[in-house]
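Protein chains in written order, with our numbering: chain W, 1 to 202; chain L, 203 to 374.
Honestly, the hints are just simulated from the structure, not real lab data. Cβ atoms here follow ideal geometry from the backbone N, Cα and C, with glycine treated the same way. You may find that some hints are simply not true.
Result set (EDC-like, lysine to aspartate or glutamate): computed pairs, CA atoms no more than 20 Å apart in a straight line [to be verified]: (1) W/K78 <-> L/D244; (2) W/K78 <-> L/D268; (3) L/K325 <-> L/D338.
Computed footprint of chain W on chain L; a stretch qualifies when at least three of its residues, placed anywhere within it, have a C-beta under 8 Å from a C-beta of chain W [unchecked claim]: (4) 242–252; (5) 335–349.
As a plain string of letters, each chain reads:
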Amino acid sequence: MSASHFGRNDNVPGTLDRRAVAAELLRDPGDLLVVTGLGSATYDAGAAGDRDLNFYLWGAMGGAAMIGLGLALAQPSKHVLVLTGDGEQLMGIGALATLGAQALPNLSVAVVDNTQFGETGHQRSHTGLSTDLAAVARACGWANTATAWTMEEVAELTPRLRTEPLFAVIKISPAEVPRFLPPRDGAYLATRFRHALGLRDD
Amino acid sequence: MTTLTWQPGVYAALKQANIRQIGYVPDAGHAHLIEAAHADPDMKAVVMTTEEEGIALAAGAWLGGDRCAILMQSSGTGNTINMLSLPQNCRLPFFTLITMRGEWGEFNPWQVPMGSATETVLKAMGVQVRRADSPDDVAEVVAYSAALAFDSRIPVAVLLSQRLIGAKVFVK
Chain W
1 MSASHFGRND
11 NVPGTLDRRA
21 VAAELLRDPG
31 DLLVVTGLGS
41 ATYDAGAAGD
51 RDLNFYLWGA
61 MGGAAMIGLG
71 LALAQPSKHV
81 LVLTGDGEQL
91 MGIGALATLG
101 AQALPNLSVA
111 VVDNTQFGET
121 GHQRSHTGLS
131 TDLAAVARAC
141 GWANTATAWT
151 MEEVAELTPR
161 LRTEPLFAVI
171 KISPAEVPRF
181 LPPRDGAYLA
191 TRFRHALGLR
201 DD
Chain L
203 MTTLTWQPGV
213 YAALKQANIR
223 QIGYVPDAGH
233 AHLIEAAHAD
243 PDMKAVVMTT
253 EEEGIALAAG
263 AWLGGDRCAI
273 LMQSSGTGNT
283 INMLSLPQNC
293 RLPFFTLITM
303 RGEWGEFNPW
313 QVPMGSATET
323 VLKAMGVQVR
333 RADSPDDVAE
343 VVAYSAALAF
353 DSRIPVAVLL
363 SQRLIGAKVF
373 VK
């Protein structure tokens, strides 16, 4: 198997600490609407600071980006950031085509990519074998994509992920970090999110 | 070209229910609704790669204050099963119109297994299922089923029977 289709080896893990990455991406989030994919992305976002406008998935694998799309369509004056892992995005890889076709100005996706299915015992994922998700997104029509390997590059992504339709892959270390468990009652998470947006109960 | 009879009434029922987003996987039985959605400047129409995306789209829409309807075919219902845990866990409304295959003059045997299992599968995942067989009351079934979904915040599916939409003709 060739190491790379694009002249650089993307199919290796990075060195960045995932908690430091999430803390940087979610620093002073204001009214950023955040949807997180199940597993470590949900734990990372919770560890960065629980807030009403974080909607954490604990299941529904593959659904994070599409939740972001429905939310961004409903709230065109606010920006939506989907924070998820490589495995979660791979399961919903068709959503990259659906989001690409909609080309919303207020929706970004950040994939923290450790090239492994960490939650289930660190089996290699497709991004550790052959797939470059940023390249997939480009091929689906995303005009703005990026791949970050350093914290300096991550810091440059933070404002872009709140102001432009950006699909970003952030290469992180597969090292285990302490568990942080944010709320997992879905009804509570949905209700507090809607109330924080000022929405009535019906 | 099929003459439109009940289809405009169904779109009107969706509008009356204040649906603002329609996600769909292309289907001949839904063709009028899909065209009407794209022609309507107040409707956001989303073509999806798989029906599973629609469950998540509808959840995001509700979180942001929009009502969403998902259009799919009975065969695609099988693609949504685990994702239906999302509206269940989060106490979200979910509303879908499902055109049935495999039940009335079906030519293609590959449509039969999932068509036969659609209602069972939906009920097993906690979805309320209603059925429209007649052009006379389909708009009413859609209207009251949408009210059930959004007022009670539960998942509801309306099956549009193959007898209603007409069996697909393969040999002309």
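Tested hints:
no. : hint              : result
1   : W/K78 <-> L/D244  : holds, 19 Å
2   : W/K78 <-> L/D268  : holds, 14 Å
3   : L/K325 <-> L/D338 : violated, 26 Å
4   : 242–252           : holds (count 6)
5   : 335–349           : violated (count 0)
Checked against the numbered hints given earlier, the structure breaks hints 3, 5 and satisfies all the rest.
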